[in-house]
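Colleague: These are the residues of each chain, in order.
2 protein chains.
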Amino acid sequence: MAIHYPNGRRFEANTPPAKKAGSSATNMYSNRGMTLEEDLNVTNQYYLEHQLAVIHKKPTPVQIVDVDYPRRSAAVIKEAYFKQASTTDYNGVFKGRYIDFEAKETKNKTSFPLKNFHQHQIEHMRQVIGQGGIAFVILRFTVTDEIYLLDASHLLSFYDRQEQTRKSIRKSDIEQLGYSIKIGYHPRIDYLKVVESVYFKK
Amino acid sequence: MAIHYPNGRRFEANTPPAKKAGSSATNMYSNRGMTLEEDLNVTNQYYLEHQLAVIHKKPTPVQIVDVDYPRRSAAVIKEAYFKQASTTDYNGVFKGRYIDFEAKETKNKTSFPLKNFHQHQIEHMRQVIGQGGIAFVILRFTVTDEIYLLDASHLLSFYDRQEQTRKSIRKSDIEQLGYSIKIGYHPRIDYLKVVESVYFKK
Numbered sequence: 001m002a003i004h005y006p007n008g009r010r011f012e013a014n015t016p017p018a019k020k021a022g023s024s025a026t027n028m029y030s031n032r033g034m035t036l037e038e039d040l041n042v043t044n045q046y047y048l049e050h051q052l053a054v055i056h057k058k059p060t061p062v063q064i065v066d067v068d069y070p071r072r073s074a075a076v077i078k079e080a081y082f083k084q085a086s087t088t089d090y091n092g093v094f095k096g097r098y099i100d101f102e103a104k105e106t107k108n109k110t111s112f113p114l115k116n117f118h119q120h121q122i123e124h125m126r127q128v129i130g131q132g133g134i135a136f137v138i139l140r141f142t143v144t145d146e147i148y149l150l151d152a153s154h155l156l157s158f159y160d161r162q163e164q165t166r167k168s169i170r171k172s173d174i175e176q177l178g179y180s181i182k183i184g185y186h187p188r189i190d191y192l193k194v195v196e197s198v199y200f201k202k
Numbered sequence: 001m002a003i004h005y006p007n008g009r010r011f012e013a014n015t016p017p018a019k020k021a022g023s024s025a026t027n028m029y030s031n032r033g034m035t036l037e038e039d040l041n042v043t044n045q046y047y048l049e050h051q052l053a054v055i056h057k058k059p060t061p062v063q064i065v066d067v068d069y070p071r072r073s074a075a076v077i078k079e080a081y082f083k084q085a086s087t088t089d090y091n092g093v094f095k096g097r098y099i100d101f102e103a104k105e106t107k108n109k110t111s112f113p114l115k116n117f118h119q120h121q122i123e124h125m126r127q128v129i130g131q132g133g134i135a136f137v138i139l140r141f142t143v144t145d146e147i148y149l150l151d152a153s154h155l156l157s158f159y160d161r162q163e164q165t166r167k168s169i170r171k172s173d174i175e176q177l178g179y180s181i182k183i184g185y186h187p188r189i190d191y192l193k194v195v196e197s198v199y200f201k202k
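These protein sequence lines map, in sequence, to chains A and B. Note that the first sequence covers residues 1 to 202 in UniProt numbering. Note that the second sequence covers residues 1 to 202 in UniProt numbering.
So here's chain A without its partners, still in its complex pose:
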């Protein structure tokens, strides 16, 4: 069940039993759309269990309007709306340092559209950098299943110049400025290996 909601992100109920979504527009994108998030969740779980890092995805922000509260033991939300996030989706701690990132994917083959990032997320990354945190994005090209880590400073630079130049980042620029993340099995997307080599240089 995939729901496309106003800010362009997808929502997927990940716990059965999920009732029908009342949507005919489900599965507009392939399952790969969900896989980056799922892969990262599994990866973060691996890091947690092996005491390598404590990084979680933040809950989807929801504006709750109506709650039915028949008994103390049960509260049912009857009306709520998806809200735009004010931060990135993932954060946590790795070797004492603050880690913050957003993960996005595209079906494009040669560039990554900047519209995948919202103003709030961009400002958040700027603030994190200002506090000395480690901020980056994980970008996936779904067609070729290639994943890159790109430091947020580069993203901000492209984002700020998009009106003057182009509204996407060339894949060649990502290849040059970013770092390829190999897809494995355990953990699936071992981004901390890249983080360690890039941000924890001796």
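Simulated from the structure, these hints should not be mistaken for laboratory data. You may find that some hints are simply not true.
Unchecked claim - Straight-line alpha carbon distances no greater than 27 Å define the calculated DSSO-like cross-link-like pairs of lysine-lysine that follow: (1) K95/A / K78/B; (2) K193/B / K95/A; (3) K58/B / K58/A; (4) K104/A / K104/B; (5) K115/B / K57/A; (6) K115/A / K58/B; (7) K201/B / K57/A; (8) K104/B / K83/A; (9) K115/A / K83/B; (10) K58/A / K104/B; (11) K58/A / K78/B; (12) K83/A / K78/B; (13) K201/B / K58/A; (14) K171/B / K58/A; (15) K83/A / K58/B; (16) K58/B / K95/A; (17) K57/A / K58/B; (18) K115/B / K58/A; (19) K83/A / K193/B; (20) K83/A / K83/B; (21) K95/B / K193/A; (22) K57/A / K78/B; (23) K104/B / K57/A; (24) K57/B / K57/A; (25) K104/A / K83/B.
As the list claims (entries may be wrong) - With beta-carbon atoms standing in for the labels, derived distance ranges: (26) L177/A / N108/B: 52 to 60 Å; (27) K109/A / L177/B: 53 to 61 Å; (28) K109/A / D160/B: 51 to 59 Å; (29) G96/B / T144/A: 33 to 41 Å; (30) N108/B / R71/A: 39 to 47 Å; (31) R71/A / S172/B: 31 to 39 Å.
Claimed, not checked - Partial selection, computed: residues in chain B whose CB lies under 7 Å from chain A: (32) V62; (33) A80; (34) P113.
Glycine is no exception: its CB is placed at the ideal position from the N, C-alpha and C atoms.
Let chain A serve as the given structure and place chain B on it in line with the hints.
Modeller: Frame of chain A; chain B shown alone:
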């Protein structure tokens, strides 16, 4: 509109127009119950605007079961449930360091009940300490409006011993092991002042 949901936490819809909650058990606690969270949100906003720290409250975790999706521009959540959080409520970055905390209050006058903390939150704090992050709790005694910062290591110690000793932390222990936070106006709960003096010693 205050909803008390299963894990003992309160939910408050903070954006009008909020429809009636269908609850006769609202306002079981005084408004002070909400004020600690509100005060912290205002404080964090102050820190953000003054570029002192980037700390946010995580969204309330919600298990979404049914979404009505009549048009691409509108998705209405028709059935959802409050989920127990797997982490603490607040985290972020301050001077490059990872900051993680939970905020709780009690109407008790002489001790702080440990049942305010859930196993998941306790384990999360343990993991954060293991990664070298800064973890603490902000405790408020609502009757006297006193606020303390207590390092998570102390909380964990009391929590782990509660079956053998007592199921609450004496206020006198909090006074001795913790740090009083003065309530001000701008920012209201200046906990970073304490964080800086405790965790950033020269």
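Colleague: Name the hints, by number, that the structure is in violation of.
Modeller: Those not satisfied are hints 1, 4, 7, 9, 13, 14, 19, 30, 34.
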